[in-house]
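Undergrad: Okay, here's what each chain looks like letter by letter:
There are 2 protein chains.
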Amino acid sequence: MEIREFTDADWAQVWPIVRDVIRARDTYTYDPDMTSEQARQIWVEPPPGRTVVAVADGALLGTAKMGPNRPGPGSHVSTASFMVGQQARGKGVGTALCQYALDWARSNGYAGMQFNAVAETNRSAVEIYERLGFTIVGTVPGAFEHPDLGRVGVHIMYREF
Amino acid sequence: MEIREFTDADWAQVWPIVRDVIRARDTYTYDPDMTSEQARQIWVEPPPGRTVVAVADGALLGTAKMGPNRPGPGSHVSTASFMVGQQARGKGVGTALCQYALDWARSNGYAGMQFNAVAETNRSAVEIYERLGFTIVGTVPGAFEHPDLGRVGVHIMYREF
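In order, the protein sequence lines correspond to chains U and G.
Position one of the first sequence corresponds to residue 1 (this note's numbering), numbered consecutively onward.
Position one of the second sequence corresponds to residue 1 (this note's numbering), numbered consecutively onward.
Simulated from the structure, these hints should not be mistaken for lab results.
Being a predicted model, the structure only gives us computed values, none of them experimental.
The reader is advised that the hints may include incorrect statements.
[What the hints assert, rightly or not] For lysine to any residue, the following SDA-like pairs were computed, each having C-alpha atoms within a straight-line distance of at most 20 Å: (1) G:K65 x G:T35; (2) U:K65 x G:K91; (3) U:K65 x U:G49; (4) G:K91 x G:E127; (5) G:K65 x U:K65; (6) G:K91 x G:T35.
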């Protein structure tokens with residue numbers, strides 16, 4: 001598996017991954033009805049951020065975006081988001097993308113990485129983040145409307161470098 | 001003091017308040033170099049959000065914006081932001097604006113209100129929010145670069161309705 005920078009030609013393979021994740025409504029606080037063009041605006045980060053893809057044998061397995069978490073006085077903290085295609089889950093793609101984002105942020109001088117809204121029911125993501133050194137800073141009760149489980153908590157997670 | 005909906009004609013008085021707040025770099029994680037037009041894009045909320053102003057004797061004392069905190073599965077939680085002009089501080093304008101936003105969010109069916117990034121050194125804001133029923137969900141260490149105090153923590157605060 002290789003992780004490389006996103007190019008325009010990748011969107012045709014990235015969009016189905018993003019579309020399936022947001023339409024499932026069980027992990028991301030994104031508008032599930034976003035069009036391809038709206039999703040592209042959100043997912044493809046302009047500099048100083050970056051968007052990457054994980055590929056193996058010509059197949060696009062997953063994608064990540066990373067950059068400053070907030071502008072101005074918050075811009076020394078990074079954030080990142082990860083999505084893995086359904087076929088490729090449980091094979092370490094998310095972990096590899098998160099490790100890539102951490103390396104990228106550290107080498108670009110960020111002081112840490114913050115995740116602003118991790119649904120507490122997204123156990124596989126929470127486990128990856130904790131294994132990679134993130135801790136739960138706090139949990140906003142009921143802030144995520146899960147399609148099957150109702151309102152569940154949202155974690156804010158942080159890892160200092 | 002009256003709190004009413006923002007109209008286009010108000011921007012000439014709102015912008016100096018926003019400009020002074022963001023250039024001070026001590027409370028908001030906004031780009032301090034934003035132009036008037038960029039700030040207007042951020043501050044004037046389209047529906048379902050709302051932007052309001054606090055006025056007294058023809059003077060514009062402060063302003064607030066409010067709306068959903070996140071799209072999709074996060075859109076039942078509201079958020080809000082408040083800015084008070086330097087001349088009008090310490091006179092209850094911030095409290096009145098926050099109370100207005102809470103009433104607005106409750107009557108629009110939101111389940112609670114979340115603040116995503118409150119600099120811990122912004123004691124007057126933290127005190128207003130706590131008095132109005134918010135609690136600190138967690139604090140991201142060093143996530144705010146204060147011009148005098150260096151890196152200080154950022155609170156996530158929440159009030160359930």
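Undergrad: Does each hint fit the structure? Answer for all of them.
TA: For each hint, the structure was consulted:
no., hint, verdict
1, G:K65 x G:T35, "18 Å, holds"
2, U:K65 x G:K91, "43 Å, violated"
3, U:K65 x U:G49, "7 Å, holds"
4, G:K91 x G:E127, "14 Å, holds"
5, G:K65 x U:K65, "28 Å, violated"
6, G:K91 x G:T35, "29 Å, violated"
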